[in-house]
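Asks: The primary structure of each chain is shown beneath.
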Amino acid sequence: MRKPGSWFETELEQRGVSRREFVEFCGVMATALALPKVFGARIAEAVLKAEKPVIVWLEFQDCAGNTESFLRATKPTVADIVLDVLSVDYHETIMAAAGHQAEDVLAKTVKEKKGAYLAVVEGSIPTGANGAYCTIGGRSALQIAREVCGGAAATIAVGTCATFGGLPAASPNPTGALGVADAVPGLKNLVNLSACPMNPENLTALVVHYLTFKDLPALDGYRRPLFAYGKSIHDNCERRAHFDAGQYVEAWGDDGHRTGYCLYKMGCKGPVTFQNCPVVRWNDGTSWPIGCGHPCIGCAEPDFWDKMTPFYRHLPTIPGFRLGTPVDKVGLWASAGVAAAFATHGLISLVQRARTGSVKDEHIPPPPPEDEPEKPGSPEKGASS
Amino acid sequence: MSTSVPFVVSESGRHYPIGPAPPEHSDLVRVYVWEWPVRLAHWGVVLSIAVLAVTGIYIGYPSITVTGPAGDHFLTGTVKVVHSYAAILFTLSVLSRLIWMFQGNHFARWDKFIPIKRRRRRGLVQALRFYLFQLRKPPGFIGHNPLAGATYTLVFGLYLVQILTGFTLYGAGANVDSHMRVFRHLIPLLGGLQTARLIHHGVMWLLIGFAIHHVYSAVLMSQIEGNATIESIFSGYKFVQKDDVIYSGYRYFDPKDIHDQHP
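Line by line, the protein sequences give chains A and B.
When the letters of the first sequence are read in order and numbered with our numbering, they come out as residues -3 to 381.
When the letters of the second sequence are read in order and numbered with our numbering, they come out as residues 48 to 310.
Hints may contain errors.
[Unchecked claim] What follows is a set of in silico ranges between Cβ atoms, one per label pair, in the way DEER data are often shown:
no., chain 1, residue 1, chain 2, residue 2, range
1, A, Gly281, B, Val262, 54 to 62 Å
2, A, Arg16, B, Leu236, 47 to 55 Å
3, A, Arg318, B, Phe203, 27 to 35 Å
4, B, Ser131, A, Thr255, 25 to 33 Å
5, A, Gln10, B, Thr125, 22 to 30 Å
6, B, Leu175, A, Ala336, 16 to 24 Å
7, A, Ala336, B, Asn222, 20 to 28 Å
8, A, Val347, B, Arg228, 20 to 28 Å
9, B, Phe149, A, Asp216, 35 to 43 Å
10, B, Ser131, A, Arg309, 20 to 28 Å
11, B, Leu136, A, Gly111, 50 to 58 Å
12, A, Ser167, B, Phe180, 44 to 52 Å
[To be verified] Straight-line Cα separation of at most 30 Å, BS3-like style, residue types lysine-lysine; simulated pairs:
no., chain 1, residue 1, chain 2, residue 2
13, A, Lys325, B, Lys127
14, B, Lys127, A, Lys227
15, A, Lys303, B, Lys289
16, A, Lys303, A, Lys45
17, A, Lys107, A, Lys48
18, A, Lys107, A, Lys33
19, A, Lys110, A, Lys210
These are calculated hints, taken from the structure and not from any lab test.
Idealized CB from N, CA, C, for every residue including glycine.
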């Protein structure tokens, strides 16, 4: 199966990655993509044969957190090679070129590799003030995104800012920030990898899928790959057994917290958040938020900064009420108010009847003259007796 | 039944029996108001809402907890399962009642819920005046009075909101081969799952508030009208004053009438 000359093989050799490690990686990728085990071999073949894909990485309103996530590695792995040895022609944080030189590279890639390169977008795109809040080389983020993503074979929006607007789009959204899907509507091959930051394992798996099948994976309603976003955090959670049993952390640092009970009552958003964190974990599978005792904050979902807050409460605040006011407390008091109102009504009614006598057997006055004659035989009055 | 059984004739020409003729000395007529599907749907809704509210509050705030190995217990899991089955009963009850609005007798029909006729709109105001102590008696409608009917329209709206938010929350996490996953399409429409949860909780309290009002009003009407309102949801029959059958919807008292009658 050895075919010298493949860019990938050369990279593997240069980095001292063994064949065994490579095959293992392909098996892991098949698992991450929810494919049968036999696909490991197919992935290995495809990745070895693949042409070095060209990637341009655009950064707009972001914190470079996804770049951090993308570059983060504790040891050189095959995944690193797939990711950072892809021909990343343009990446503001890591490229050597600067200024006009860098912008020329981008323009050249967009022109010469039209329809063949992958565009990765990190950060939200501001649309307020004609896009003046984020400009690179004199052009607005929106202009760049339209041009670069419009000519790409596929666009991958990484992180919640690029997918849903994220923190910059949080209320009151002063810059009119949008995710790629909303800022550049009509992009056909757009894949969203939400979460803050996106998990590099999912980006790797997505690229491997693209190399293997020359196509994008099945997506959900938010254009996120189902292999990574098909199940809720809650359903894959290692603490799920404690939820089903009825064992919860009641306060930070209590016995349940130290035992590893379910964080549901501490405001965990696992049941309404869809990502494979519990399975893939972070930092080479070291741990993940719930694994180290913190509830999920729902960072992979749209508008998480507005809708998943308060992070340590089960439910959001009712609009118009003080932050953190629980809807059920309001509901309980409102119900008590309703009960009190009707009790009062009942008392007044009783007193009135005690004073004026029962109305049950009262004489019934004749009906008022009809100003709206009903059809003959109309059931409400036409009863024969 | 003999041919002497009184009946009402619907606009479509169907004959609805209203029970045997009352004795000569009585002013009361026995009227078959609530057919069995109406009563069944009613009690299905009562039972399911009670179970749904109790289990739902537990799911929101799992106050009862267990100790020992997690594998020995399935408390929250069981509560969730019961909640889901009660939701099925609730949905079927509501749907069957909605269908019966187009199949059932005169008193069950949809136009008793939406006051399109002028007479029912006027009755709505009269019923409201009764509740505000301006009238001694409510308008003499045999089935739902127009105010009650209009209230039930809002309540059915709340039922549908509750069903849709519940199905969305269930469908969001449902297995990939589950038909319930179609309700995922409602997630953006509802403003996200957290908002769906908030609505689901809020509407529950509105329905609890309605239940308080409903029981109170049933007792009050039963006392004021003396026509076995409470019993009718078990038996289906109401005992209605003859005039209410003949001039249904026209009975009411003005305060000045009371003055004339009780000198």
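Asks: With reference to the structure, classify each hint as holding or not holding.
Replies: Results for each hint:
no.	hint	result
1	Gly281/A with Val262/B: 54 to 62 Å	holds (57 Å)
2	Arg16/A with Leu236/B: 47 to 55 Å	holds (50 Å)
3	Arg318/A with Phe203/B: 27 to 35 Å	holds (33 Å)
4	Ser131/B with Thr255/A: 25 to 33 Å	holds (28 Å)
5	Gln10/A with Thr125/B: 22 to 30 Å	violated (57 Å)
6	Leu175/B with Ala336/A: 16 to 24 Å	holds (20 Å)
7	Ala336/A with Asn222/B: 20 to 28 Å	violated (45 Å)
8	Val347/A with Arg228/B: 20 to 28 Å	violated (57 Å)
9	Phe149/B with Asp216/A: 35 to 43 Å	holds (38 Å)
10	Ser131/B with Arg309/A: 20 to 28 Å	holds (25 Å)
11	Leu136/B with Gly111/A: 50 to 58 Å	holds (55 Å)
12	Ser167/A with Phe180/B: 44 to 52 Å	holds (46 Å)
13	Lys325/A with Lys127/B	holds (22 Å)
14	Lys127/B with Lys227/A	holds (18 Å)
15	Lys303/A with Lys289/B	violated (58 Å)
16	Lys303/A with Lys45/A	violated (45 Å)
17	Lys107/A with Lys48/A	holds (18 Å)
18	Lys107/A with Lys33/A	violated (39 Å)
19	Lys110/A with Lys210/A	holds (16 Å)
The structure is inconsistent with the numbered hints 5, 7, 8, 15, 16 and 18, although it conforms to all the rest.
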